[in-house]
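Enquirer: Taken in order, these protein sequences are the chains called A and B.
Under the numbering used here, the first sequence has 55 at position 55, and the numbering climbs by one with no breaks.
Under the numbering used here, the second sequence has 175 at position 175, and the numbering climbs by one with no breaks.
Everything labelled a hint here was simulated from the structure, so no lab data went into it.
What you are looking at is a predicted structure, and each value in this text was computed from that prediction instead of being measured.
We treat Cβ as the ideally placed atom computed from N, Cα and C, and that holds for glycine.
Among the hints, erroneous ones may be present.
[Said to hold, decoys possible] Below, a sample of chain A positions facing chain B; criterion: calculated Cβ distance under 7 angstroms:
| no. | residue |
| --- | --- |
| 1 | Leu157 |
| 2 | Gly160 |
| 3 | Ala221 |
| 4 | Ile224 |
| 5 | Ala225 |
| 6 | Met226 |
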Amino acid sequence: MTPGSTPAACAALLRRDLTLAWRRRGDIAMPVLYAVIVTTLFPFAIGPEPALLARIAGGVVFVIVLLAILLSLDHLFRGDIEDGSMELLMLAPQPLALLVAMKILAHWITSSLPLIVVAPVLASMLKLPPEAMPVLVIALLLSTPLLCLLGAVLVALTAGSRRSGMLLALMLLPLCVPVVIFAAGALAAAQEGLPWVAPIAWLGAGLAMALVLAPLACAAALRIAMDT
Amino acid sequence: MANWVPLWLHRLGSPPVFYRFAGAVRPWAFGLALLLGAVALYGGLVVAPADYQQGDAYRIIFIHVPSAWMSLFIYGVMAVAAFIGLVWRIKIAEVVAMESAPVGAAFTLITLVTGSLWGKPMWGTWWTWDARLTSELVLLFIYLGIVGLYHSFEDRRQGARAAAFLVLVGAVNVPIVHFSVNWWNTLHQGSTIRLLGPSHIEASMLWPLLTMMLATKCYYIASLFARVRADLIASEGGKAWVRDIALGQPGNDPA
């Protein structure tokens, strides 16, 4: 790869973001820790009967993962905006959408992959039957990037605003209702021994669309919010 | 082809001209809304016969259905204005889009509350996770998100552009609300009033409904124009035309 070409710039940005995340490993652990704590609260709150827990396990895990991603999204662009590197990315000759896509990819690797790794553990804490585990992992593999992409667009919109924490939740949660419906629907179908491919295929279709459109929308939103 | 129409529209894009135009239209729209609303309420609550199955409880549709139409209609207006504002950077379009959102949120809330009041005696529950109810609730959240995003920026125009972008992203939900009763066959009934083909409603019940629909449209115009005027005064505070209005001077007419 020649230096300065688009693939080289994307690779460099990805490496930089992953290195930055690795230097602050504690931050990667926070969403996982949050998910574990919230999961342990559920049996205390609704009672430890295995049958009851198994019924709600799938939905609860998806909602917890969604909230953990929501918490981590807040600092997707914040560091770059505060130290001025976002302006440099915007002025770069490479297309902003691709660079932003790399940032989202790095964010997904650092925030969502650990969640996907612990999700089966959380689900078995809630007595999810083992035969539904593969469906849980497949649904998470498709739905977490989708949530990161949707969330990135909204984070980009709030980039120039004063307060964004609750606002981000207010904007993101309505948009991710279909994701939760399809992901939890697949898991519920698998738990009852019904075919679960259709909702998974819907998730895949949504992810394919978001992969193409969300980086473009995110770049446009960043330009609006940063007012350049 | 007379070219005064595009010329007039072009002039309307200027804040002082729109301010005066909105001020002239607003009282008429508000009066018409009150008049039509009174006629529709009389027609709906007194003239129209009771339903053979639901008795008098069905009469809430004269509020519920027009509000539900408005909740979608306003989103449509808002989306078109947001698109115009984003593409051509017309200030009035941005302000119209942003000031539509609270009105739309109010109509959505009225729809949800009246539907819930009707649902208790008819369905036996205040709320159910029906496709249309849920998507209408999501619509309310989107409206609130737009209002919140607009007001979270120091710079109003920047906030308006960011929120206008969110309007376009959230527009996905509007067809979902509209077609939810056809796509998912859940508790909420399908539409009885059709643009194409005969409506499944008695004429004596239909005319108050359509009158109320016009009344809500007029109310929307009146409320929107009042809000736009207030927003323009606030955001153009430093300009000469606002100072002239504040000082009570006629000023030089830019139109």
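Enquirer: Determine for every hint whether it applies to the structure shown.
Expert: Hint check:
{"no.": "1", "hint": "Leu157", "in the structure": "5 angstroms, holds"}
{"no.": "2", "hint": "Gly160", "in the structure": "6 angstroms, holds"}
{"no.": "3", "hint": "Ala221", "in the structure": "6 angstroms, holds"}
{"no.": "4", "hint": "Ile224", "in the structure": "5 angstroms, holds"}
{"no.": "5", "hint": "Ala225", "in the structure": "5 angstroms, holds"}
{"no.": "6", "hint": "Met226", "in the structure": "9 angstroms, violated"}
Comparing the model with each earlier hint shows a violation of hint 6 alone; every other hint is respected.
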